[in-house]
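Order-wise, the sequence lines are chains A and B.
According to the numbering used here, the first sequence holds residues 9 to 457 in order.
According to the numbering used here, the second sequence holds residues 9 to 457 in order.
The reader is advised that the hints may include incorrect statements.
Which copy? The list can't say, so a pair holds if one copy fits it or any two copies do.
Capping the alpha-carbon separation at 27 Å, the derived lysine-lysine pairs in DSS-like fashion look like this [said to hold, decoys possible]: (1) K13 - K34; (2) K259 - K309; (3) K13 - K165; (4) K309 - K221; (5) K325 - K259.
Quick caveat, the hints were computed from the structure, so don't treat them as lab data.
Remember, it's a predicted structure, so these values are computed and weren't measured experimentally.
Here is how the chains run, residue by residue.
2 protein chains.
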Amino acid sequence: MSDTKQPVAFIGLGAMGFGMATHLIKQGYPVTGFDVWPPTLEKFTSAGGLTATTPASAVGDKPLCVCMVATAQQAQSVLIDGPDAAAPALPQGAALLLCSTVPCDYVQSLAKQLSAIGRPDIHLIDCPVSGGAARAADGTLSIMAGVPSEEALTKSKPLLGELADPAKLYIVQGGIGAGSNMKMVHQVLAAVQILAASEAMGFATHLGLDPIKTYQAVVNSDAWSWMFEHRVPRMVTNYQPIASATVIIVKDTSIITAEARRSGFSTLMTSVAEQMYFSAIGRGYGADDDSGLVRLYAEGKGRAGPVQGTAESYEEKLALVMGLLKGILLCSAAESLAFAEKVGLDLDQVFDLCINAAGGSQVLKKYGPSIIKAFREGKAREGWSAAESETSLKEVAGGLSAAVEEAQRLKAPVFLGSQALNVVRLALQSSPAGVAAGAVVKVWNSSSV
Amino acid sequence: MSDTKQPVAFIGLGAMGFGMATHLIKQGYPVTGFDVWPPTLEKFTSAGGLTATTPASAVGDKPLCVCMVATAQQAQSVLIDGPDAAAPALPQGAALLLCSTVPCDYVQSLAKQLSAIGRPDIHLIDCPVSGGAARAADGTLSIMAGVPSEEALTKSKPLLGELADPAKLYIVQGGIGAGSNMKMVHQVLAAVQILAASEAMGFATHLGLDPIKTYQAVVNSDAWSWMFEHRVPRMVTNYQPIASATVIIVKDTSIITAEARRSGFSTLMTSVAEQMYFSAIGRGYGADDDSGLVRLYAEGKGRAGPVQGTAESYEEKLALVMGLLKGILLCSAAESLAFAEKVGLDLDQVFDLCINAAGGSQVLKKYGPSIIKAFREGKAREGWSAAESETSLKEVAGGLSAAVEEAQRLKAPVFLGSQALNVVRLALQSSPAGVAAGAVVKVWNSSSV
Numbered sequence: 009m010s011d012t013k014q015p016v017a018f019i020g021l022g023a024m025g026f027g028m029a030t031h032l033i034k035q036g037y038p039v040t041g042f043d044v045w046p047p048t049l050e051k052f053t054s055a056g057g058l059t060a061t062t063p064a065s066a067v068g069d070k071p072l073c074v075c076m077v078a079t080a081q082q083a084q085s086v087l088i089d090g091p092d093a094a095a096p097a098l099p100q101g102a103a104l105l106l107c108s109t110v111p112c113d114y115v116q117s118l119a120k121q122l123s124a125i126g127r128p129d130i131h132l133i134d135c136p137v138s139g140g141a142a143r144a145a146d147g148t149l150s151i152m153a154g155v156p157s158e159e160a161l162t163k164s165k166p167l168l169g170e171l172a173d174p175a176k177l178y179i180v181q182g183g184i185g186a187g188s189n190m191k192m193v194h195q196v197l198a199a200v201q202i203l204a205a206s207e208a209m210g211f212a213t214h215l216g217l218d219p220i221k222t223y224q225a226v227v228n229s230d231a232w233s234w235m236f237e238h239r240v241p242r243m244v245t246n247y248q249p250i251a252s253a254t255v256i257i258v259k260d261t262s263i264i265t266a267e268a269r270r271s272g273f274s275t276l277m278t279s280v281a282e283q284m285y286f287s288a289i290g291r292g293y294g295a296d297d298d299s300g301l302v303r304l305y306a307e308g309k310g311r312a313g314p315v316q317g318t319a320e321s322y323e324e325k326l327a328l329v330m331g332l333l334k335g336i337l338l339c340s341a342a343e344s345l346a347f348a349e350k351v352g353l354d355l356d357q358v359f360d361l362c363i364n365a366a367g368g369s370q371v372l373k374k375y376g377p378s379i380i381k382a383f384r385e386g387k388a389r390e391g392w393s394a395a396e397s398e399t400s401l402k403e404v405a406g407g408l409s410a411a412v413e414e415a416q417r418l419k420a421p422v423f424l425g426s427q428a429l430n431v432v433r434l435a436l437q438s439s440p441a442g443v444a445a446g447a448v449v450k451v452w453n454s455s456s457v
Numbered sequence: 009m010s011d012t013k014q015p016v017a018f019i020g021l022g023a024m025g026f027g028m029a030t031h032l033i034k035q036g037y038p039v040t041g042f043d044v045w046p047p048t049l050e051k052f053t054s055a056g057g058l059t060a061t062t063p064a065s066a067v068g069d070k071p072l073c074v075c076m077v078a079t080a081q082q083a084q085s086v087l088i089d090g091p092d093a094a095a096p097a098l099p100q101g102a103a104l105l106l107c108s109t110v111p112c113d114y115v116q117s118l119a120k121q122l123s124a125i126g127r128p129d130i131h132l133i134d135c136p137v138s139g140g141a142a143r144a145a146d147g148t149l150s151i152m153a154g155v156p157s158e159e160a161l162t163k164s165k166p167l168l169g170e171l172a173d174p175a176k177l178y179i180v181q182g183g184i185g186a187g188s189n190m191k192m193v194h195q196v197l198a199a200v201q202i203l204a205a206s207e208a209m210g211f212a213t214h215l216g217l218d219p220i221k222t223y224q225a226v227v228n229s230d231a232w233s234w235m236f237e238h239r240v241p242r243m244v245t246n247y248q249p250i251a252s253a254t255v256i257i258v259k260d261t262s263i264i265t266a267e268a269r270r271s272g273f274s275t276l277m278t279s280v281a282e283q284m285y286f287s288a289i290g291r292g293y294g295a296d297d298d299s300g301l302v303r304l305y306a307e308g309k310g311r312a313g314p315v316q317g318t319a320e321s322y323e324e325k326l327a328l329v330m331g332l333l334k335g336i337l338l339c340s341a342a343e344s345l346a347f348a349e350k351v352g353l354d355l356d357q358v359f360d361l362c363i364n365a366a367g368g369s370q371v372l373k374k375y376g377p378s379i380i381k382a383f384r385e386g387k388a389r390e391g392w393s394a395a396e397s398e399t400s401l402k403e404v405a406g407g408l409s410a411a412v413e414e415a416q417r418l419k420a421p422v423f424l425g426s427q428a429l430n431v432v433r434l435a436l437q438s439s440p441a442g443v444a445a446g447a448v449v450k451v452w453n454s455s456s457v
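Bound-form chain A, shown alone (with noise of 0.2 Å):
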C-alpha cells in the first residue's frame, strides 16, 4: 500500500459524517462529500473538502465510500433508489463503509442488493460508530466493523484506522449484520442511560438537591455513567448546545424494540426509554438536546400538593439518587449483555466495547464479567451466590426500593427506576437469599443462565 491517501467520497455530512469527513481531509484524503442539504456543502469546501451534487457524481472512481446518513431508509435511497444512486457508480472492488446505525436486517438486505444489481465486487462493511461529535472530528470513534472477507478487511481498515480510536476499532466476529448487532446492544446502553441521567436528576430536584452539587458526587461514585457525566452539563445550561437532538435516540431505541419484537426478546428497560421518549416528542421535545428530557421528571415540582419525603439530610438524599441509579444501570448492563448473548455476539467483546464507549458505567465494569460468566457456565451457576467481594441483589433492590418509595412520597415519576425494582424484584423470587446482583439476568434469559 502506498503513503499516499486513496480518494475517499463521504455521502452524509451531518453533526458526525462532517466531524468524520474533515478530520480524514486533515490526515491528507482527498475527500468528496455530498449530503442533501446545500449549505453543509459550502461549509465542507471552506473546510478543505471538494463536493459533489449527486451520490453517483460522489463516487465515480473512489475506491473508498463511507456512507453516515441518519437512517436505513436514507441510505437505501442515497445507495440503491435514489435518483443517481451511489452503488452503480462505485467503481469495481470498492470498499463501501456504512457507518449509520441500522437495523442488522438491513445491512445484510443490503449486501444481497449489491448482488442483485449485478455489484457483488463491492466490499460491504458494516460499520457503526459510537462516540460523539467531538471524538467524530478527533478521529478516536468506537467503531465496530462486521467485515464479510479478509480482502473487505485489507482495504478498508486502513481508512477505519483513522476515523477509530486504535484501542476502540472491534473487528466483530460473524460478518455483515454484527457490526449493526453490536451498536445495537451498546445502544441498549445508550437509550436506558441517556433517560437515567434525566430521571436521576428529576428525582434529585423534588428531593431539594443542589444539582452541581449532585452532578459531582455522582460521577465520583460507582453510580458514575458515562451519559450522565456528558448529559448532566447540559441540563444545567438549558439544554445547550444541542449536542444530540432527541430524535437520534428515538431512532437506535427503535431498532432495538423492532429487533426484540422479532426475536421475541423482552427489552423491560429499553421500552420504558422508548415511551418516554415518544412523550417527549409528543410535547414538542424531539428536536431538542436529549438532556432537556429532565423536563419530563422535574416540571411536576411543587405541583403535587403538599408531599413530604422521609430523607432530611444531603448525604440521605444524595444516597436515595444513587441507589436509584445503580439500580438501573444494573439491569440496563444485564439487558444489554443478555440481547448480545440472545444475538449471538461475543460477550467479552461486548464487554469491552460497551465499557469503554458511551455505554459504559462503573456498574458494568462491576457486575458485567458475573454476568458473562454466568452464561458462559449456563445453568451450572444457577446458585448465584455472591462472593463476598460482591453486593447481592438483595443491596441492589434496597437501595431501588427505598428511592422508590421516597419518590412516591413526593410523587416523582421514576419510570426506569420502578421498572428496574420490579425487574429485580422477579430475579429475587426465583432466586435463594444472597443471591449476587449480577443474577438479575436471569430474567431476560432465563433458559441460558
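Fit chain B to the known structure of chain A by using the hints.
Just chain B now, kept in the frame of chain A:
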C-alpha cells in the same frame, strides 16, 4: 332485631360518603354526619341528616359508625389521634365500619390500637367499597368485608346490606385486613384499566380513528372493560363531570405498590400506571377527572414530523386498538390474580367480585378461570397447552406486537401495551408452543404456576 333502624354516625361526607349517608337516610336511618368541610354539613342537613362538629360528638351513643374518609392518615386522625377523636367516644360494643381504602397493615394496626386504648369491645369491620358515587347513592356498592368475629358480622351486616348490592356484598375470609387486601387486588385492575382506556383512545387518535365509533366498537367487543365503558364518554366531554379525580386512583395505586414492595411482589403493570399518574400530577392534572389522562397520549398527534402507519382501513386500525387493549387486560387480570394468590385471598371470590365490579373485563371473565385453575393445580399445569376453545398466548402477543409496532411508526406512546408485550414475551420464552393465554401469569408467580 327490631324494625326500627339504629342510629348511625357517618364520618367523611365526600363524593362517596355523602351518597352512602344520604342513602341510609332514605332507608330510614337516623344519620349523624361529620366532615371537616362545613359547607358539606349544611348540604347534609338539607338532605335530612343530623350533623356534629367533632368526630366524638358524632359517634356518642351510636351503635353503628361508618368511616369513609379518603386516606389511612385521615382515618387515624378522626378515629384515634385528632382532637375529639371518635374511637374513645364510641359506646360499648359499637360496630365501626372502616369503608375507606387503606393498606391492609393500617387496618390491622387500627385493631391493635383500639385494644391499646382500652377499647377491645369495639367491633372493627374492614370493609372497603367499590362502584363509584352513583352506586354509593343507590346503595348498590360492591363491599368486601373482613370481619373479626361472628358477633361483629351480626352487628354490621344489616348496615352493610343497606349500602351494598345484595349480590355484591362479599364477606372475605381472613378477618381484619382481608377486606382491604381484596380491595387492593381489585384496584390493580382499576389502576391499569383506567389508564388503558386513555392509552387506547390516545392510540386511536394517532391512528385517526373516530372516537365515538371506536368507543362503540370496543364496548361491544371482547376488549370491553368497565373502565373503558365509563371513562371514554367523559373524554369526549372535556373530562367532565369530575366523577373520579386522578388523585383518588393515585392513592389506591400507591397502596398496591407499597404492599408489593413489602411482600416482594412485582407489580409490572400497576407500576407503569402509577408512574403515568405521577406524570399527570406533574402536569397539573391531579384534580381533573381521570379520563383526562388521555391527554398524556393524544397530545403528540401531529408533533412527530412526518410519520406513516401501515394500517389503512377502519377495520385494520380498530383491530390494532383491540389487540392493544386485550393484551393489557390479560396482563392486568394476571397481575391481579397473582397478587391475590400472594396475599392469600380466595381466588374464586376475587374473580366473582372483580368481574362484577369496576375492574371487570371480558378478558378477565374469559381467562380468569384458567389462571385460577393453574394456581390450584400448581406446577402440574406447567404445560398450559391451550384447549381448542382458548386463545393462545402467541395470538395475544401478535395483537400486542402489531399495535406496539404501529405505535412505534407513529411515535405514539403506548406505555401499558409495550409493557404487556414484554411481559408476554417473558412468558413465551419459558413456555412450549401453543401455550394458553392465561400462562402469562407465570411471569408474576413462577414458583406457584
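Now for the hints, and whether the structure bears them out:
no.	hint	result
1	K13 - K34	within (11 Å within a copy, 95 Å between copies)
2	K259 - K309	between (30 Å within a copy, 18 Å between copies)
3	K13 - K165	within (13 Å within a copy, 92 Å between copies)
4	K309 - K221	within (19 Å within a copy, 38 Å between copies)
5	K325 - K259	between (34 Å within a copy, 24 Å between copies)
Figure legend: structure checked against the earlier numbered hints; every hint is met.
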